[in-house]
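Peer 1: If you want the building blocks of each chain, they are given just below.
Number of protein chains: 2
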Amino acid sequence: MKCVVLLSGGIDSTVMMYALMANHELWPLTITYGQRHVKEVNAARKVCIARNADLAARWEHLDLSLLSSFLKCTLTGYGEVPDGEYDVDTIKAMFVPNRNMIFLSIAAGYACSLGAECVAYAAHHNDAVVYPDCRPEFVKSVFETILMGTGGKVSVLAPFLHFTKAEIVKLGRGLVVPFRSTWSCYKGGELHCGVCPTCLDRKKAFEVSGIEDPTDYADVKA
Amino acid sequence: MKCVVLLSGGIDSTVMMYALMANHELWPLTITYGQRHVKEVNAARKVCIARNADLAARWEHLDLSLLSSFLKCTLTGYGEVPDGEYDVDTIKAMFVPNRNMIFLSIAAGYACSLGAECVAYAAHHNDAVVYPDCRPEFVKSVFETILMGTGGKVSVLAPFLHFTKAEIVKLGRGLVVPFRSTWSCYKGGELHCGVCPTCLDRKKAFEVSGIEDPTDYADVKA
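Line order of the protein sequences matches chains A and B.
In terms of the working numbering, the first sequence opens at residue 1 and continues consecutively.
In terms of the working numbering, the second sequence opens at residue 1 and continues consecutively.
What you were told as hints is all true, and nothing was included just to trick you.
Because identical chains share one entry, a pair is satisfied inside a single copy or across any pair of copies.
In silico DSS-like links for lysine-lysine, alpha-carbon gap of 27 angstroms or less: (1) Lys153 x Lys140; (2) Lys153 x Lys72; (3) Lys170 x Lys2; (4) Lys72 x Lys2; (5) Lys170 x Lys39.
Just so you know, these hints were derived from the structure itself, not from any lab.
Required output: the full structure, derived from the provided sequences and hints.
Peer 2: Below, the structure written as structure tokens:
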């Protein structure tokens, strides 16, 4: 089955892509929207190349940086990315308005063009607590909308909806995912900063899963 | 109430914008996606200027022509735009995969950024017969998805869902819409071609409503 994978280059979408390889012909799509952390694009390319040549050849990057002035938040350059754990204020500042619906819509249109039957999206349980557009009821709704909008041609896969990030890391280890090549940090520096909400999430997922974290963090001195 | 209007520069969205002026602070948004008929952009700008300076100042054009290679159809340069009335084949060739959901998602993200409470979309009864993503059940579904994806902040207005295009033209006449400035033709020539499916629709709407059609068509010799 042909499937468009929304691949950010982070841990979740990379593990999902590796997991779906067995049963799908995957078409990875990385969309940028003028975010600070464009290092994700390189990460996305690398994790495709690491898996196999077909995947690398089918990978596409769609640069929609023009969107950034229409989607204002700290990730698109309006204000600073905060440090520390997720709380009400950091979430508010980091939420990219309706980004996931925009990405899923585009991926569904692309799937139609390719004759692919589905779009895969790595929303998971930890993100659902934080972001409204990662919740099961949102995914159900977007699934129905895409099915109708494409005349019944494209459906949405969200295999991690009830997985924690630690469980995703565990699965990824079994699939030999090159975690070092993935990128999470929202600040987009040379190394993962280690202190922004998403770096803390990344660290915690390795800790909880009991798997060694191969990431070089800027806040950890060698 | 602040509202983002998806304004293509055609008759339907222009009449909708003029109709909503009375009760809304409108933020017109024109999105291009590499379609042949970029003349729409100029039309969109003109109908804003014709209405008032505030509207003209708030109008935005978002150029997403990079999307065209991901959304293949005759309108984005893959094959020829057919002549004649809509039929199964012309519809199939002209359907831009999932375009309306993509546009609505972006408009909803933009609405969040602006602090606007809604997005207005001019889907109407005649289009509903032809395109899956103009049907009431699609609009209901996209309404719910956007509401969830934006954490309850943005809703969708679709005031023409049960209007025919002829009824829209009638309403537009009462609102003194400058029909001559609007653009429908999918071929994007110097004048409206007068023979493609959307030109035939435009002609028919004026005919049925009994209102004089001010359009210069290339197929009508003076």
